[in-house]
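Trainee: Now for the letters of each chain:
2 protein chains.
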Amino acid sequence: MRWTESLIPTMKETPEGAEIPSHILMLRAGLITQVMAGAYTYLPLGLRSLHKAIAIVREEMNRAGAVELLMTAICPISLYEQTNRVEAFGDVLVKATLPRAGRKVPVVFCPTHEEEVTSIVAKFINSYRQLPLTLYQIQTKFRNEERPRFGVLRTSEFLMKDAYSFHTSLESLDKTYKKMYNAYSIIFSRCGLPFLPVEAESGPIGGDASHEFMIPSPNGEDKVVTCPQCGYAANTEKAEIGEFRPAADTAEPKKLTELETPDAHTIEQVCKFLKVKPHKLIKTLIYVADGKPVAILVRGDHDANENKVKRSLNVKTLELADAATIQTVTGAPVGFAGPVGLSIPVYADNMLQGCVNMVVGANKADKHLVGVCYERDFKAEKFADLRDAVAGDPCSRCSGTLAIKQAIEVGHVFKLGTKYSESLGAKFLDDSESQQTIIMGCYGIGINRIIAGICETSYDENGIIWPVNLAPFEAVICLIKVDDTVIAEAEKLAAALEANGCDVLIDDRDARPGVKLKDADLVGFPMRIVMGPKGLENGEVEIKWRWEKEPTITPLNTAAEKISSMLKVEREKSERFKRKSDSK
Amino acid sequence: MRWTESLIPTMKETPEGAEIPSHILMLRAGLITQVMAGAYTYLPLGLRSLHKAIAIVREEMNRAGAVELLMTAICPISLYEQTNRVEAFGDVLVKATLPRAGRKVPVVFCPTHEEEVTSIVAKFINSYRQLPLTLYQIQTKFRNEERPRFGVLRTSEFLMKDAYSFHTSLESLDKTYKKMYNAYSIIFSRCGLPFLPVEAESGPIGGDASHEFMIPSPNGEDKVVTCPQCGYAANTEKAEIGEFRPAADTAEPKKLTELETPDAHTIEQVCKFLKVKPHKLIKTLIYVADGKPVAILVRGDHDANENKVKRSLNVKTLELADAATIQTVTGAPVGFAGPVGLSIPVYADNMLQGCVNMVVGANKADKHLVGVCYERDFKAEKFADLRDAVAGDPCSRCSGTLAIKQAIEVGHVFKLGTKYSESLGAKFLDDSESQQTIIMGCYGIGINRIIAGICETSYDENGIIWPVNLAPFEAVICLIKVDDTVIAEAEKLAAALEANGCDVLIDDRDARPGVKLKDADLVGFPMRIVMGPKGLENGEVEIKWRWEKEPTITPLNTAAEKISSMLKVEREKSERFKRKSDSK
Chain A
1 MRWTESLIPT MKETPEGAEI PSHILMLRAG LITQVMAGAY TYLPLGLRSL
51 HKAIAIVREE MNRAGAVELL MTAICPISLY EQTNRVEAFG DVLVKATLPR
101 AGRKVPVVFC PTHEEEVTSI VAKFINSYRQ LPLTLYQIQT KFRNEERPRF
151 GVLRTSEFLM KDAYSFHTSL ESLDKTYKKM YNAYSIIFSR CGLPFLPVEA
201 ESGPIGGDAS HEFMIPSPNG EDKVVTCPQC GYAANTEKAE IGEFRPAADT
251 AEPKKLTELE TPDAHTIEQV CKFLKVKPHK LIKTLIYVAD GKPVAILVRG
301 DHDANENKVK RSLNVKTLEL ADAATIQTVT GAPVGFAGPV GLSIPVYADN
351 MLQGCVNMVV GANKADKHLV GVCYERDFKA EKFADLRDAV AGDPCSRCSG
401 TLAIKQAIEV GHVFKLGTKY SESLGAKFLD DSESQQTIIM GCYGIGINRI
451 IAGICETSYD ENGIIWPVNL APFEAVICLI KVDDTVIAEA EKLAAALEAN
501 GCDVLIDDRD ARPGVKLKDA DLVGFPMRIV MGPKGLENGE VEIKWRWEKE
551 PTITPLNTAA EKISSMLKVE REKSERFKRK SDSK
Chain B
1 MRWTESLIPT MKETPEGAEI PSHILMLRAG LITQVMAGAY TYLPLGLRSL
51 HKAIAIVREE MNRAGAVELL MTAICPISLY EQTNRVEAFG DVLVKATLPR
101 AGRKVPVVFC PTHEEEVTSI VAKFINSYRQ LPLTLYQIQT KFRNEERPRF
151 GVLRTSEFLM KDAYSFHTSL ESLDKTYKKM YNAYSIIFSR CGLPFLPVEA
201 ESGPIGGDAS HEFMIPSPNG EDKVVTCPQC GYAANTEKAE IGEFRPAADT
251 AEPKKLTELE TPDAHTIEQV CKFLKVKPHK LIKTLIYVAD GKPVAILVRG
301 DHDANENKVK RSLNVKTLEL ADAATIQTVT GAPVGFAGPV GLSIPVYADN
351 MLQGCVNMVV GANKADKHLV GVCYERDFKA EKFADLRDAV AGDPCSRCSG
401 TLAIKQAIEV GHVFKLGTKY SESLGAKFLD DSESQQTIIM GCYGIGINRI
451 IAGICETSYD ENGIIWPVNL APFEAVICLI KVDDTVIAEA EKLAAALEAN
501 GCDVLIDDRD ARPGVKLKDA DLVGFPMRIV MGPKGLENGE VEIKWRWEKE
551 PTITPLNTAA EKISSMLKVE REKSERFKRK SDSK
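So the protein sequences, as listed, match chains A and B.
With the working numbering applied, the first sequence corresponds to residues 1 to 584, in that order.
With the working numbering applied, the second sequence corresponds to residues 1 to 584, in that order.
Rather than coming from a laboratory, the hints here were simulated on the basis of the structure.
By construction, the Cβ of each residue, glycine as well, lies at the ideal position given by its N, Cα and C atoms.
Take these hints with a grain of salt, some might be off.
Said to hold, decoys possible - Cross-link-like lysine-lysine pairs, in silico, DSSO-like; alpha carbons within 27 angstroms at most: (1) Lys223/B / Lys254/B; (2) Lys123/A / Lys12/B; (3) Lys141/B / Lys141/A; (4) Lys12/A / Lys123/B; (5) Lys141/A / Lys95/B; (6) Lys492/B / Lys534/B; (7) Lys12/A / Lys427/B; (8) Lys492/A / Lys568/A; (9) Lys95/A / Lys141/B; (10) Lys427/A / Lys12/B.
What the hints assert, rightly or not - Across the chosen pairs, the derived CB separations fall in these ranges: (11) Thr437/A / Ala391/B: 57 to 65 angstroms; (12) Ala511/B / Thr437/A: 19 to 27 angstroms; (13) Pro513/B / Glu422/A: 35 to 43 angstroms; (14) Arg512/B / Glu146/A: 51 to 59 angstroms.
As the list claims (entries may be wrong) - Chain A stretches covered by chain B per the calculated footprint, using a threshold of three residues with CB under 8 angstroms from any CB of chain B: (15) 4-18; (16) 136-147.
Just chain A, with the same shape it has in the complex (with noise of 0.2 angstroms):
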């Protein structure tokens, strides 16, 4: 391929607007365009890259014994009134009318297909002989970003491959979960994206039901807890803090005291109106928990976390309580609720043992008690881990500490249970002839993450490293004259690289040199070549890796054998990892 024959429009600047790597590097290099906020054309090259990515997903989802199809983006809005998704999903659903004959049909673009996929299921699956299944998809999805940013990490329209899959048993999600876990591992090496997997809240199957594929990346817009000592990973909502490490509160335990603090009811305030910390307050929230109200306490500077919350009171629904319930039971307004001479039960998070001096809610609208010691002045029913981890918690798994990192989440998997099956309808007759709900799991991949998430972490200052695997083109070759003999020659060593497994663009542009040299870096292919009719003269090439500073001179009449076989050992190194037995 040619770069004058295809459209491969490279920039100097960084485009207005565009903040993050990723996004910066894939409009400089030419391999997206924006058509509006939170919608790219993948122009030729970020497409190779691309269906590079869907090959790699593709023949791995394959091999872990899932079955590709390929449903609608339009579905009736029907489908997700069913499963109480239209409202779930609020703006980020993308709804249409159509105008058919005689009457107007409400329809979504579907954000996801478990809707869809499960009602086939519904349709077709009727016995334990057909189970279980997977299947997937590679198609667009639609979700409306009410502030699209970060390129194509973040937009309303966007490639992934979903599979969902079908079983009888708990047992034989669990073996599909595995597998599909393994396929995700292979996947991001083959990709070469440093992957971490973490725990993630596992929703409505407790245990080990879910995991997120996380990029580690400052400009990622989640956060990872990881310990460095033992290598556990999880996402803050799921990160399990370890046990309560307490230093000695040498402080003096003072008068509980009475303030005013007239319209602070938030923790910013009330930590300006007092001239305090954060982390000197109790955040004491109301929250009703399988019907009754029960207060939460956590510090002031962390986040009370619900899924915990729910674990720890063991109760199947927790709801914030209402204003009205609030006064109710503090007898004060909304932002005035403290522990002190509450009389529903409390629960607090272990970092609250044996705090003194604290400042709380007095209960009464506009006021607020400082001098609070636990203990003397409030007591919990229990301490527990009620919250967020953040950086310098205890690790849960050893005596390390966490820290906190910033990642793009690439990949998820989940068990899904029943959700979707019970709404939907999807049965089976088990062996004796009883009709059971299928339990159902789900998988998901980002595609274009995949392309981002290498620009975002594989770059330098000069543009773009690509892994062979995904690169636009393994190699370029740039010419540093354009004229018949030097074209021939180029045409001659694409032609036997091609010949060979590789693919290679020729740069054979009208441009001066150093032009060349620069788009080259900035695209960030792996193997440059360099041709001109110098070189030719004496019969030499000069061959360089994205990576490397300076070039080797090779000569002509084995180049192509050797370039072939340096991008074969480059892409077995991405293909170093276990693939366990393929067989079921």
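With chain A fixed as given, assemble chain B onto it according to the hints.
Mentor: What follows is chain B alone, placed relative to chain A:
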């Protein structure tokens, strides 16, 4: 691949609502399933065929020098406003409003991509040095169908290969147009489709500027005009009608008489009221041509063709006159115009030469004239070909007679000219630094229609008959008994075939042999291999082409080799076309 690990829901009965062969067979063979009216999911077997069609299309587009990109489905409606296509598409255009931070963004789901691609080219192309360029994508289009029907032939969501070419000159456009025409012929040949390229309306660029690729089929929605004698083929809109060959009209001219025809303004009403056949009526259509009223006469059983009228009158604009103009010009309300006594220029279709005893409007409300004869009662400025062709018309190229066939449109190549580049500002600087408008062509293939086209034209009473190149699997191994020995032998044979580049499905269902053989015919795998314990004892399997009646017994130990070579020969049959030189 094993049948039990996939989802292949074959059906015995014709599904409700399915009327045409492709719809019935694709549902019964488990290739597709309906999500809602006009939206179908491709199940695993259907998707395999779709992928094979995509691969052929992609290969030939690349070979023809087109470069692939992937544009977004969502696009701001403003782009369509710039080209005046919001109104032109009407209810076909699928629109949505995206709630973004603080505002509502109106978007369309693209029904085609002239707007998007032209705006991309306008952004990045500015010099003649960057042209010509042909961009294509294989992408999902959205077009609301008021009455979706015919299964996957007409749906609201479909996969299209759309290509757009950009040029500095008409000569360059012509070159690419020919390349695309040639590529399309090869694509449909390789897909095993009995295609017919027909001339279509040329639009802004005159001459030989548009062709449709049609699959003749009794259930096609389109009509094509062909001459069995010389091979001339065009759609009804474009088809030229040969010189008028009048049969002597021996009828005695009657007296011109005015009759009351109360409330009869349509051809049908007048015929019924006066008890005459439509071919004895003259339709008088009042048009405004380049701002001036004219009357166009065609026989009552014919349809005027506005493109032919425009060309014949050599005018730029042509619009049907409104009621007020008709009243002014004819002195009567709509429905009673006639040529007798009309003071505006009159143009008549060739077929009206020498007509006698016709019925025409009397230019008075509720009155018609009968016994109208050409020359005696009215005259025309000129006779010309002003109407759509009908069966029995003379061919314009030879002495043959035109026939009309129903057909399915699977592709279209079109010289666009500068319509979109003008509206969207796609310009280039020519070699003298003067700014010019880019000249465009566009080229579409309905990928789903390739699949439906096969199912509509290649089947028998038992099911689909796939050409090897597009079959979901080239071969099926039907197991007469499912036990470990038979499965092991089947897997061995499948592996050997796969190693030779064949794809094979093993029907390992716990079902009666009759069911499996029926399903093999219904799905229509080209090669059926029957394997059972008895045959295996004798070291034999049965093989049969889908289109043959009786199977052949073949030794198991040479079966893989034999079947592979049979499939290879069959594959090569569909490659029997002349491939023009790939050089430019």
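Trainee: Each hint: holds or not?
Mentor: Hints, verified against the model:
no.: 1; hint: Lys223/B / Lys254/B; verdict: violated (38 angstroms)
no.: 2; hint: Lys123/A / Lys12/B; verdict: holds (15 angstroms)
no.: 3; hint: Lys141/B / Lys141/A; verdict: holds (14 angstroms)
no.: 4; hint: Lys12/A / Lys123/B; verdict: holds (15 angstroms)
no.: 5; hint: Lys141/A / Lys95/B; verdict: holds (16 angstroms)
no.: 6; hint: Lys492/B / Lys534/B; verdict: holds (17 angstroms)
no.: 7; hint: Lys12/A / Lys427/B; verdict: holds (22 angstroms)
no.: 8; hint: Lys492/A / Lys568/A; verdict: holds (20 angstroms)
no.: 9; hint: Lys95/A / Lys141/B; verdict: holds (16 angstroms)
no.: 10; hint: Lys427/A / Lys12/B; verdict: holds (22 angstroms)
no.: 11; hint: Thr437/A / Ala391/B: 57 to 65 angstroms; verdict: holds (59 angstroms)
no.: 12; hint: Ala511/B / Thr437/A: 19 to 27 angstroms; verdict: holds (26 angstroms)
no.: 13; hint: Pro513/B / Glu422/A: 35 to 43 angstroms; verdict: holds (38 angstroms)
no.: 14; hint: Arg512/B / Glu146/A: 51 to 59 angstroms; verdict: holds (57 angstroms)
no.: 15; hint: 4-18; verdict: holds (count 5)
no.: 16; hint: 136-147; verdict: holds (count 6)
Consistency note: the structure conflicts with earlier hint 1 alone.
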